[in-house]
Structures are given as structure tokens and as C-alpha cells.
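Dock chain B against chain A, hints included.
Number of protein chains: 2
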Amino acid sequence: MPELRKDPVVGRWVIIAAERAQRPNDFNPSVPAARSGPCAFCEGHEDATPPEILAVRPPGGPPNGRGWKARVVPNKFPALRIEGDLAKRGHGPYDAMNGIGAHEVVIEGPQHFTNLTELPVSGIRNVLWLCRERLSDLKRDTRFASAIVFKNHGAAAGATMEHSHSQIIAMPIVPLLVAEEMRGAKRHWEYHDRCLFCDIVDNERQMKERLVIDDPEFVALEPFASRFAFETWILPRRHSERFEEIPDVRLGELAQILRGTLRRIESALSQPAYNLVIHTTPFDTKEAPWYHWHIEIIPRVTKVAGFEWGSGFYINTVPPEEAARYLREVGEA
Amino acid sequence: MPELRKDPVVGRWVIIAAERAQRPNDFNPSVPAARSGPCAFCEGHEDATPPEILAVRPPGGPPNGRGWKARVVPNKFPALRIEGDLAKRGHGPYDAMNGIGAHEVVIEGPQHFTNLTELPVSGIRNVLWLCRERLSDLKRDTRFASAIVFKNHGAAAGATMEHSHSQIIAMPIVPLLVAEEMRGAKRHWEYHDRCLFCDIVDNERQMKERLVIDDPEFVALEPFASRFAFETWILPRRHSERFEEIPDVRLGELAQILRGTLRRIESALSQPAYNLVIHTTPFDTKEAPWYHWHIEIIPRVTKVAGFEWGSGFYINTVPPEEAARYLREVGEA
Numbered sequence: 003m004p005e006l007r008k009d010p011v012v013g014r015w016v017i018i019a020a021e022r023a024q025r026p027n028d029f030n031p032s033v034p035a036a037r038s039g040p041c042a043f044c045e046g047h048e049d050a051t052p053p054e055i056l057a058v059r060p061p062g063g064p065p066n067g068r069g070w071k072a073r074v075v076p077n078k079f080p081a082l083r084i085e086g087d088l089a090k091r092g093h094g095p096y097d098a099m100n101g102i103g104a105h106e107v108v109i110e111g112p113q114h115f116t117n118l119t120e121l122p123v124s125g126i127r128n129v130l131w132l133c134r135e136r137l138s139d140l141k142r143d144t145r146f147a148s149a150i151v152f153k154n155h156g157a158a159a160g161a162t163m164e165h166s167h168s169q170i171i172a173m174p175i176v177p178l179l180v181a182e183e184m185r186g187a188k189r190h191w192e193y194h195d196r197c198l199f200c201d202i203v204d205n206e207r208q209m210k211e212r213l214v215i216d217d218p219e220f221v222a223l224e225p226f227a228s229r230f231a232f233e234t235w236i237l238p239r240r241h242s243e244r245f246e247e248i249p250d251v252r253l254g255e256l257a258q259i260l261r262g263t264l265r266r267i268e269s270a271l272s273q274p275a276y277n278l279v280i281h282t283t284p285f286d287t288k289e290a291p292w293y294h295w296h297i298e299i300i301p302r303v304t305k306v307a308g309f310e311w312g313s314g315f316y317i318n319t320v321p322p323e324e325a326a327r328y329l330r331e332v333g334e335a
Numbered sequence: 003m004p005e006l007r008k009d010p011v012v013g014r015w016v017i018i019a020a021e022r023a024q025r026p027n028d029f030n031p032s033v034p035a036a037r038s039g040p041c042a043f044c045e046g047h048e049d050a051t052p053p054e055i056l057a058v059r060p061p062g063g064p065p066n067g068r069g070w071k072a073r074v075v076p077n078k079f080p081a082l083r084i085e086g087d088l089a090k091r092g093h094g095p096y097d098a099m100n101g102i103g104a105h106e107v108v109i110e111g112p113q114h115f116t117n118l119t120e121l122p123v124s125g126i127r128n129v130l131w132l133c134r135e136r137l138s139d140l141k142r143d144t145r146f147a148s149a150i151v152f153k154n155h156g157a158a159a160g161a162t163m164e165h166s167h168s169q170i171i172a173m174p175i176v177p178l179l180v181a182e183e184m185r186g187a188k189r190h191w192e193y194h195d196r197c198l199f200c201d202i203v204d205n206e207r208q209m210k211e212r213l214v215i216d217d218p219e220f221v222a223l224e225p226f227a228s229r230f231a232f233e234t235w236i237l238p239r240r241h242s243e244r245f246e247e248i249p250d251v252r253l254g255e256l257a258q259i260l261r262g263t264l265r266r267i268e269s270a271l272s273q274p275a276y277n278l279v280i281h282t283t284p285f286d287t288k289e290a291p292w293y294h295w296h297i298e299i300i301p302r303v304t305k306v307a308g309f310e311w312g313s314g315f316y317i318n319t320v321p322p323e324e325a326a327r328y329l330r331e332v333g334e335a
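Chains as they are written, first to last, in our numbering: chain A, 3 to 335; chain B, 3 to 335.
For reference, chain A alone in the conformation it holds in the complex (with noise of 0.2 Å):
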């Protein structure tokens, strides 16, 4: 059982997965993975992960068999366990609990592709679809606090898999960051009584340097304090507090705005590794009227030093003006 565990200085949790016991010389990058046989997400396969929870096919279809659009499969390397309770516990000076939650894997389409805008706007929106609905049914399980979907494309952003997907982790805790977030987002709230994210919304559209896309309903745009090169964020235009209640209406157009935002990303920096993350307000929190989801992408371009790893402090020699600009022109290659 993998096991949660808080550092006490401060608060973070982290997941310490103990039965997979390897030697440490797995762990040296210098040798790869083995990679062998045939892709276990590609149509024909769908005995090769574990059953499916959730797909898109035509109806009458049969799970685990073919004539999928995308499905969703409990990760079969899960980095935390679904069933069992939490036995929060103390070791000493120290906070534990059973590493309890979902690993779930959005297999993207059916076909081996390795890119997420390969897809036209209709294949990404059935893949943003099945992301909201699990969602709206891990939270019902109330031992989870929180939930975070997240895309890592190419192995320098480390992914295992080569073909298209994403993952959701259900989880019984609120990450630092997100916790972060919220209590940053809620101080701006109370003082100005107004969002934070709508406030900066509406400054990146009036302002328009840092605007990549300016659409009906959602924005991308290079936040002021980026940390990375061309980081780009997704944001509804209008305030909402979670994904999971996206209307059916808005689905298409926020496939149409990623599918946008990637492209003129990856042909910008020519395909590179990202990572994507929905960032939404917690399960365990019944009301945020301050919080307001949104999309991160972050291009992995630049290598993550010490400085940063050991402060929390970023450098990033990409104005998010320039970024901005650059993707505005570059155009969906």
C-alpha cells in the first residue's frame, strides 16, 4: 500500500510508494526504459490495460471491445490504491495516511497517434467530455478531497506512454499548490469582493499584450509572473469555480481554444515535451466563489535548476510579452 505522507515543515504532502521496491539503479536516467510489443492503448488491445471504467463509442457498443472514440482505464501502475480506508496515523513528529485514491488514464483515440491536436476539435472535445464526467463521479466518493486531471506529453515531461492520453488522480488530500491558489485567490476576494482570475481576465484583454487567443468564452493568454517560457493559460471567460460543471455548450469550444493554444505552441518551439493540468477548486471545498478553473501548460524548453527546486523562485528569460507575441504570429501551423 503507497503512503501519504506530510512534511512537516512545510505541509506538503507526498506520495512515498513503497512496494515497488526496485534497486536504485532503476532510477538512473541513463538507461532507458525498455520498450517491447504492442501499444496496450491502441484498438484491439483493450485487454491490455484493466477494464474500462468510461468511453465514448457509438451506442449499443460493448466495453473493452473496439469501436471506441476514447476511454478511460484505471492505470495499471496506480500511484495510489483505490480500495481500503485512509488509517490516518502519527509516526512520531510525523503525519501518514494509506496512499487511498484514483489513478485513472484518458486514452485519447483509438488509433496509435502520439499528439492530443492530431485530433480534430470533435475527438478533443470527447476527451475534455469523459475528464468532466469522472470527475463528477470521483467526487461523490467522499474520501477524496480532491482531484487533478493532467496531460504529460513527450518523455522530457515525463511520459511513459507514447500514445496520446491524459490522467486523472483522485486524491484524499489538497495538494500545497492548490491550497495555495485558493488561499490567494480568497484574500483577493474578501478585500476587493471581487475574482481574482475575472480580474485578470479582463486586465489581459484590455491590456492585449500577454492575449494569445481572445474567443467568445475562453481566453489563453502568458500569465504576468510566468515561470517558464511560453507558459500559457486556458481561462473561461465567464466565472466559474470548477470543470466538472462545463455545460455541454461550452465543451466544443474549449476543445476548439486548446487545440488552438497547442498548436501555435508546438509550432512555435517546434513539437515540444508539455505538461497540461486542470486546476479546479477542490472536492472538499462546497463553496469558492473567489476560485476560478483554468488551464496550465507548461512547455518543458528549459531545463529546472537548483535555484528553482531550492526556492520556489523562478527565472524565465522569455518575457510573457514576447511569448504572447510570438504565438500570436506563428499562427496554428
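Hints are supplied without guarantee of correctness; some may be wrong.
No copy labels: a pair is met if it fits in one copy or bridges any two.
Said to hold, decoys possible - List time: in silico DSBU-like cross-link candidates among lysine-lysine, alpha-carbon distance up to 35 Å:
| hint | residue 1 | residue 2 |
| --- | --- | --- |
| 1 | K8 | K210 |
| 2 | K188 | K90 |
| 3 | K90 | K210 |
| 4 | K71 | K8 |
| 5 | K71 | K188 |
Hint data in this document are derived by calculation from the structure and do not stem from the laboratory.
Just chain B now, kept in the frame of chain A:
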């Protein structure tokens, strides 16, 4: 002039190095930086660096010539600039100031070498002495709120020069992670009236399972909630708020345990890239009885993926107890 910008959500300061207006392709990691000519850090090429700030050399030796054992020079490509005032300002809803600070390089030895542990204990002591002296001096500049001493070893850890070196950055703000550590440690102190780090040292010396080296004055241990495989901390056993107050008599002992710890990590993980950071009380905090300086070493053996970036939540597949046992057994190869 680089600009310091504050993320309005979590309050994180970021350096935007605006004037290095490279084209986006400059940030494509598939194109390695060109390296040519002799190493600027080697003895005999003192004119290839800015004039030295401090050096360890035999009495009477003139600066910027041969004969030094270790030397500190300004970074030729500094992330922050030493000249100017802060000019704190708002940009609409955002906060910014000039990127004022010091960015120095500690060249760890005169001959071309790539690894700090190739030096004897006396050589590492010279490096630590230089870091201490520079912090004590930088602290006198009232524009600086804090400083961080760090080392990027190996390209995978962000090193751009091969010749073994460390870096010091003094800055007008306190980085987010340092502020969080201070806050967490203060909370513990206010409730328990004890230093949290002293409690950790006591607990680990009793438990022994996460202990790597237990010297009379310093310990090396794997933290209970380690974020990374083989993450290792070195702490003074006696309570001490600030690294720069370390007495001469302790410098050799610290060099000894640092060398021993790094050699064990190198042996266990086959010479990994790593980052090393010294965490010490910020300059602008007059008294901090709750804080305890320490060194954090992070081997770069696993890729940090989207989940970690997006949540501040880490998955570590090597329990610290296993890492500690392995490091104890492997010895200083």
C-alpha cells in the same frame, strides 16, 4: 534590466530576464548550446571572468592571477543586476520591481575538474568558507532580503559550465518556498516552544532508519516525506539559525559530512546529476529561533512530470528508509 514580478495568485516572485531577447528556438532543448575554446574557470584564464570578489590564495598573492585554490567572481550572465534601485511599482493588478540582486559564481578549484568530491576535505572547506564570507558581506546590502547558495551538478541538473562550481544569488525578496519553511517552522515553535528541525534531528537519531551519517556535529538523513528518490538533508546537530554564522571550527566538519554524503550518493546512483541548496534564515528576519539552517541535496534521477508541477504534490517511488539503508551500506566509493 531584469524585472521581478509577483504572481498575484500564490504570491510567488519570478525573475523575468527581459533583455535576453532570444528567439523561441533558442529554448529548444534539442539544440545544445555551443561550447568552444578553453574553460573560463580554469587557472590561467582569470581574464575570462569578471574580476574576482574573493579568493582563497596564499598570503600576498595578487587577485585575478594564478595561485588560487578557490575564487568567487560575478556571474558573467547574471539573472539579477547589482546596480540600481528597486523602483517597486504596480502594473494594473500586478506587482513588480527592478531585478536587483547579486549573482556570483564560486569556482571550486583551479584545475579543470567536474565534481566537487574530487576535492579533499580541505578543498571543500575552502568552498564553504567562501560561501560563508560572501553571505556575510551580501547581508550588509540593505536592498537584499535573502540569499540562496546552490549548486547544479551535471547538465541534467541545469549546469551550463562543466568546471565544478557553486552559485550565490542575493535578492530583494524572500522566495516562496523559503517563506513557507519559515512559516511552518514558526508555527511549530509557537505551539511546542521547540525548534522543529531540532525535533526532526532528535527523532531521526533515535529511529535510525532514515539516518545516513551521524557525526558529532552534523547529521545526514533522508527526510520522512522526501519528494525525490534519495533526497538527502544535512543539518547541524546544534541549533543554528544561519549558515553564515558557522564558526571556523565547524567548517571542516561540514566539509567532511558533505563529501561523505555526496560520495555515497554518487556511488549508489552511478554519478547522478544533482542540485544542492543551502536553506538559511533570510537576511530581513532579525531573529528566527524557530529556524535551523540545513543543506538539501536532490539527485536528478527521476523526471518531474505534470502532476508534480501542477499540484506541488510529489510521487516518490523510493521510500526514504530504503534510500537511507542503501546509502549506509554502499559506503563512500
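The hints, checked one at a time:
| no. | hint | in the structure |
| --- | --- | --- |
| 1 | K8 with K210 | between (42 Å within a copy, 19 Å between copies) |
| 2 | K188 with K90 | both (28 Å within a copy, 24 Å between copies) |
| 3 | K90 with K210 | between (49 Å within a copy, 23 Å between copies) |
| 4 | K71 with K8 | neither (40 Å within a copy, 42 Å between copies) |
| 5 | K71 with K188 | neither (40 Å within a copy, 53 Å between copies) |
Against the hints set out earlier in the document, violations occur for numbers 4, 5.
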